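**Q** Listed here are the chains, written in short residue letters.
2 protein chains.
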Amino acid sequence: MGEERQSVHAIFDELVARKSVRAFEDREIPKDVRSRILEAAFQAPTAGNQQLYSIIDVHDQQVRERLAELCDHQPFIAKAKMVLVFVADCEKWHAAYEEAGIDARPAGPGDLLLSFADAAIAAQNAVVAAWAEGVGSCYIGDVLERYEAMRELLRLPCQAMPAVMLVFGYPTEQQKRRPKPLRMPSDCVVMRDAYQPLSGEKLREMLASRLGTKGFEEWVRAFHDRKYASAFAAEMNRSAACYLEAFGEREG
Amino acid sequence: MGEERQSVHAIFDELVARKSVRAFEDREIPKDVRSRILEAAFQAPTAGNQQLYSIIDVHDQQVRERLAELCDHQPFIAKAKMVLVFVADCEKWHAAYEEAGIDARPAGPGDLLLSFADAAIAAQNAVVAAWAEGVGSCYIGDVLERYEAMRELLRLPCQAMPAVMLVFGYPTEQQKRRPKPLRMPSDCVVMRDAYQPLSGEKLREMLASRLGTKGFEEWVRAFHDRKYASAFAAEMNRSAACYLEAFGEREG
Chain L
1 MGEERQSVHA IFDELVARKS VRAFEDREIP KDVRSRILEA AFQAPTAGNQ
51 QLYSIIDVHD QQVRERLAEL CDHQPFIAKA KMVLVFVADC EKWHAAYEEA
101 GIDARPAGPG DLLLSFADAA IAAQNAVVAA WAEGVGSCYI GDVLERYEAM
151 RELLRLPCQA MPAVMLVFGY PTEQQKRRPK PLRMPSDCVV MRDAYQPLSG
201 EKLREMLASR LGTKGFEEWV RAFHDRKYAS AFAAEMNRSA ACYLEAFGER
251 EG
Chain G
1001 MGEERQSVHA IFDELVARKS VRAFEDREIP KDVRSRILEA AFQAPTAGNQ
1051 QLYSIIDVHD QQVRERLAEL CDHQPFIAKA KMVLVFVADC EKWHAAYEEA
1101 GIDARPAGPG DLLLSFADAA IAAQNAVVAA WAEGVGSCYI GDVLERYEAM
1151 RELLRLPCQA MPAVMLVFGY PTEQQKRRPK PLRMPSDCVV MRDAYQPLSG
1201 EKLREMLASR LGTKGFEEWV RAFHDRKYAS AFAAEMNRSA ACYLEAFGER
1251 EG
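Residue numbers (our numbering), protein chains in the order written: chain L, 1 to 252; chain G, 1001 to 1252.
If you're looking for bench data, these hints aren't it; they were derived computationally from the structure. Take these hints with a grain of salt, some might be off.
[Said to hold, decoys possible] What follows is a list of derived Cβ distance ranges for each label pair:
no., chain 1, residue 1, chain 2, residue 2, range
1, G, V1190, L, G48, 18 to 28 Å
2, L, Q174, G, G1048, 48 to 58 Å
3, G, D1103, L, G134, 38 to 48 Å
4, L, P75, G, G1048, 16 to 26 Å
5, G, R1192, L, T172, 45 to 55 Å
6, L, G215, G, R1210, 54 to 64 Å
7, G, F1076, L, K214, 47 to 57 Å
8, G, G1215, L, E25, 27 to 37 Å
9, G, E1173, L, E25, 40 to 50 Å
10, L, A23, G, H1009, 26 to 36 Å
11, G, E1205, L, S230, 27 to 37 Å
Values in this document were obtained by computation on a predicted structure and should not be read as measured data. Glycine included, C-beta positions come from ideal geometry on N, C-alpha and C.
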């Protein structure tokens, strides 16, 4: 743990350098590398050592193609060499309680959010381990969409839902050269002691590095229309509401 | 990116070795180390480069004491040398849309979950960076509890909620020696191509390493009563439901 200064820097530098990769070489990920990526996920911190997640490792090319469709039609998903769906899973422990003869309460929204965090935390360890191996990755947030079709495809029980999806592969040369997009200024992210709403001026600083030749209003409106007001965002909200409702289904 | 074999191993080994630390030396975390921990968080993957989170960096000792109380009375929280609340934040972008003159829709459950994942992913980068620096950390899932008091203490607007809290500090010798708890067998976590419910036999294997001298039923019942059926779990479910409802408040 941090004894060697060199290793500290190596880790910090890799965390900073890591960027999303959306185009992959046609080269398989060796088995031992896959295993280390998964092992890193298992070893992530987890609430009460419960591992409130399951990882669906999608090998079947037909399932990958279908996921590419369901996740807002992104064909690069089907070209990845490793596809992992991190499922926020309250079903497994519930089943263990039943196996022990306990009539346990259904999972509630707190359990869901706790397992959702568990899944995302494990996923990020997989991302970091992969990057260290030279394997790129990309999160697919769209896995929250298409509730009915996704539930059927992945045969999800009602106390389980996809939290994040990750696709992996060796980056193409173009992807290696692609610059990592700048983050916001730190004082737009870190707040002292309590939440501080950002002033209009700060909101403009927050996005200044992204505007290119556009003015603030023009850039923000285009971004809003493309993302926040998009059909996929509406679908994500509809679908997420279905998952939240399903989690309560056993109640009452 | 993974060019040097040595650095690959260093990173994987640190991810595997990292364990939660709940007792800290009375030694401050230097400013440059704090900065790198935060920078690692900023550089984490984030949906559409939006950084849908804010980080409340709690310096005020009174706020720390109050957080220790609100998070199920865990005094060690107030003894940490760095306390970060990662807030799933849909308020900030909404404010940017308003600043640009857009009458944007309120955030929905999909936006909430996406920002929740963003916050947890950023937090895990902070954990990994800290560990590399010799700084231990512990997630506090209880930050989801006590909706009314937490919202007031952290002055959270309605489209923002705490996702995870992290406390940091240099581990005591006892904490360094403490063995990391074993994870589940991998075949209880990884499922191929679709969700696979675990058989009774598998559920027993899943928890076998934890039972000590107890039988499965006895251990599971004790765990269930202590965790899943606890007052804090009930409070977490109540509180999380309030946050979910508040997110929709601007709607309709």
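**Q** The structure should be examined with respect to each hint, and the outcome stated for every one.
**A** Taking the hints in turn, this is what the structure says about them:
{"no.": "1", "hint": "G/V1190 - L/G48: 18 to 28 Å", "result": "holds (21 Å)"}
{"no.": "2", "hint": "L/Q174 - G/G1048: 48 to 58 Å", "result": "violated (20 Å)"}
{"no.": "3", "hint": "G/D1103 - L/G134: 38 to 48 Å", "result": "holds (46 Å)"}
{"no.": "4", "hint": "L/P75 - G/G1048: 16 to 26 Å", "result": "holds (19 Å)"}
{"no.": "5", "hint": "G/R1192 - L/T172: 45 to 55 Å", "result": "violated (28 Å)"}
{"no.": "6", "hint": "L/G215 - G/R1210: 54 to 64 Å", "result": "holds (59 Å)"}
{"no.": "7", "hint": "G/F1076 - L/K214: 47 to 57 Å", "result": "holds (49 Å)"}
{"no.": "8", "hint": "G/G1215 - L/E25: 27 to 37 Å", "result": "violated (51 Å)"}
{"no.": "9", "hint": "G/E1173 - L/E25: 40 to 50 Å", "result": "holds (47 Å)"}
{"no.": "10", "hint": "L/A23 - G/H1009: 26 to 36 Å", "result": "holds (27 Å)"}
{"no.": "11", "hint": "G/E1205 - L/S230: 27 to 37 Å", "result": "violated (44 Å)"}
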